[in-house]
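Using the sequences plus the hints, can you model the full thing?
There are 2 protein chains.
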Amino acid sequence: MRWINFSHAGHTAYGLLEGDTVIETRGDIFTTWERTGRSFPLASVKIEVPLIPRTFYCAGLNYVDHLKEAADKAGTVPNIPDRAEIGYRAQNALIAHEEDVIIPRDATEKVHYEGELVVVFGKKARRVSEAEAMDCIFGYTIGNDVSERTWQKADRTFYRSKNTDTFKPMGPWIETELDLNAAHTTVKLNGVPRTSFATNHMLFSIAHFIHVTSQYCTFYPGDVMWMGTDGTSPDVKSGDLVEVEISGLGVLRNRFVREP
Amino acid sequence: MRWINFSHAGHTAYGLLEGDTVIETRGDIFTTWERTGRSFPLASVKIEVPLIPRTFYCAGLNYVDHLKEAADKAGTVPNIPDRAEIGYRAQNALIAHEEDVIIPRDATEKVHYEGELVVVFGKKARRVSEAEAMDCIFGYTIGNDVSERTWQKADRTFYRSKNTDTFKPMGPWIETELDLNAAHTTVKLNGVPRTSFATNHMLFSIAHFIHVTSQYCTFYPGDVMWMGTDGTSPDVKSGDLVEVEISGLGVLRNRFVREP
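Chains as they are written, first to last, in the working numbering: chain A, 21 to 280; chain B, 21 to 280.
Because the hints were derived from the structure by calculation, they are not lab data.
Any given hint could be a false lead.
Heads up, the list lumps identical chains together, so a pair's fine if it works in one copy or across two of them.
Quick list of in silico lysine to aspartate or glutamate cross-link-like pairs, EDC-like style, CA-CA up to 20 angstroms [unchecked claim]:
id, residue 1, residue 2
1, Lys208, Glu119
2, Lys66, Glu118
3, Lys143, Asp48
4, Lys66, Asp155
5, Lys88, Glu68
6, Lys144, Asp185
7, Lys143, Asp185
8, Lys208, Asp102
9, Lys173, Glu89
10, Lys93, Glu265
11, Lys257, Asp126
12, Lys143, Asp120
13, Lys93, Asp255
Only a predicted model underlies this, so the values are computations on that prediction, with no experimental measurement involved.
Structural data, given as structure tokens:
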């Protein structure tokens with residue numbers, strides 16, 4: 021099932037996406053909802069951010085090739101985490117599919133994409149085992165963890181390197197059925213595939229991250245956990261189109277535009 | 021004006037606190053609201069967390085004595101920031117006035133309080149000058165940035181050292197009028213004053229933090245920014261009562277209880 025948050029004629033609602041038709045619903049997507057009887061062609065609606073999470077979790081370093089390639093570039097030894105420690109991103113930075121990533125005028129040219137699988141939680145949960153962990157998941161969407169690498173290195177916090185407005189595209193919808201082991205992530209730059217990896221080939225699994233984090237932190241419906249990225253990104257220039265595709269899920273497409 | 025989020029007979033609402041009377045309201049405290057005609061004695065209601073912020077900002081190192089005392093303890097030179105860089109905390113960790121801070125069973129004895137002034141935003145704002153910054157503020161409340169120092173040092177992220185469930189008491193209410201320069205913060209442990217500082221004696225002012233952060237990040241009504249703490253905390257033991265008082269604002273009181 022695909023849940024889409026959309027606007028049409030000034031009204032925002034959740035709908036079920038069936039083929040290219042959006043079937044409007046009302047109610048709470050996590051508990052009880054019903055069809056309103058209205059539907060729209062997908063091409064006629066504005067796709068919104070799937071949701072604003074209560075807590076916005078993000079696994080920073082969770083694919084080994086990403087760490088190795090970054091270390092090679094820096095001429096250092098890869099710093100591979102030995103424990104699953106979750107980090108955070110900020111809600112102000114979220115934008116929807118097809119909205120522009122605005123590169124601030126004082127950013128350097130070191131602006132990179134990171135295509136990521138996003139877990140959407142559907143249940144309140146604390147202290148779950150790895151065996152129970154996947155039952156907390158409502159569905160999956162796609163994220164692009166846009167990063168300004170000069171600020172990321174120079175600053176004490178990630179407030180502008182990763183949390184500048186528009187630096188967190190998320191969408192286009194939430195898919196409740198996904199064969200994780202069959203899923204493949206491909207990032208295209210201006211239509212050309214540049215980064216490609218097995219989506220579930222993580223250092224620490226989704227179930228392990230949920231288990232470990234839940235020993236201390238309660239998850240709530242609508243929380244999200246971004247699962248990290250593999251490989252590296254070239255410098256993204258103004259006008260470039262970045263598409264993050266996860267097979268079985270969809271494509272998250274955003275143009276990068278430098279502020280004049 | 022004091023806004024209080026409260027529950028009474030299973031119903032949660034915002035009210036105006038006048039003396040010891042809670043005057044119930046309906047509507048949106050940031051835009052339009054009205055009195056419902058009902059009121060309750062303060063002692064008869066359950067005080068709730070003032071709000072769940074959309075983005076939860078926190079200034080980590082913003083009082084010089086706190087940095088100097090921490091460095092003295094560690095036998096190092098104080099690392100005083102030369103720029104205002106905002107950090108983040110997580111929504112799951114918030115609890116209300118009079119609710120218990122639960123120390124996890126695997127935490128060390130190095131559990132500390134940090135009494136902080138909390139800014140509550142009332143307007144959507146981006147790129148504001150220092151002169152305009154204070155106009156974005158709806159009011160102020162009190163926070164206790166509870167920290168497990170062993171985890172804080174050992175872990176790569178703050179997920180459990182600062183964001184364990186119950187580690188972020190906030191309240192008891194939002195005060196819209198506060199004379200910042202007259203305000204004094206006092207933290208009492210079991211009734212005995214232990215930490216005391218001029219609330220507004222910050223390394224980087226509230227206006228400066230809002231100005232700098234807003235160059236990259238949009239603030240929304242209901243966002244909060246915790247402003248950091250001064251001095252140091254002794255190790256807090258199970259059963260200890262911690263009271264953070266800010267003059268002109270109120271007292272945030274929470275008991276610390278170790279999980280059996």
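Here is what the structure says about each hint:
1. Lys208 / Glu119: Intra 17 angstroms, inter 50 angstroms, cutoff 20 angstroms: intra-copy only.
2. Lys66 / Glu118: Within one copy only: 9 angstroms inside a chain, 45 angstroms across chains, cut-off 20 angstroms.
3. Lys143 / Asp48: Cα proximity of Lys143 and Asp48: one copy only (13 angstroms, versus 27 angstroms across).
4. Lys66 / Asp155: neither (31 angstroms within a copy, 33 angstroms between copies)
5. Lys88 / Glu68: Neither: 35 angstroms inside a chain and 47 angstroms across chains, both beyond 20 angstroms.
6. Lys144 / Asp185: Classified as between; 13 angstroms across copies, 29 angstroms inside a copy.
7. Lys143 / Asp185: The answer is between: 16 angstroms across copies meets 20 angstroms, while 28 angstroms in one copy does not.
8. Lys208 / Asp102: neither (31 angstroms within a copy, 39 angstroms between copies)
9. Lys173 / Glu89: Classified as within; 16 angstroms inside a copy, 27 angstroms across copies.
10. Lys93 / Glu265: Result: close neither inside a copy nor across copies, 25 angstroms intra and 50 angstroms inter.
11. Lys257 / Asp126: Within. Shortest intra-copy distance 14 angstroms satisfies the 20 angstroms Cα cut-off; inter-copy 48 angstroms does not.
12. Lys143 / Asp120: neither (32 angstroms within a copy, 24 angstroms between copies)
13. Lys93 / Asp255: Classified as within: same-chain Cα gap 13 angstroms, cross-chain 43 angstroms, threshold 20 angstroms.
Of the numbered hints given earlier, the model fails hints 4, 5, 8, 10 and 12; all others are met.
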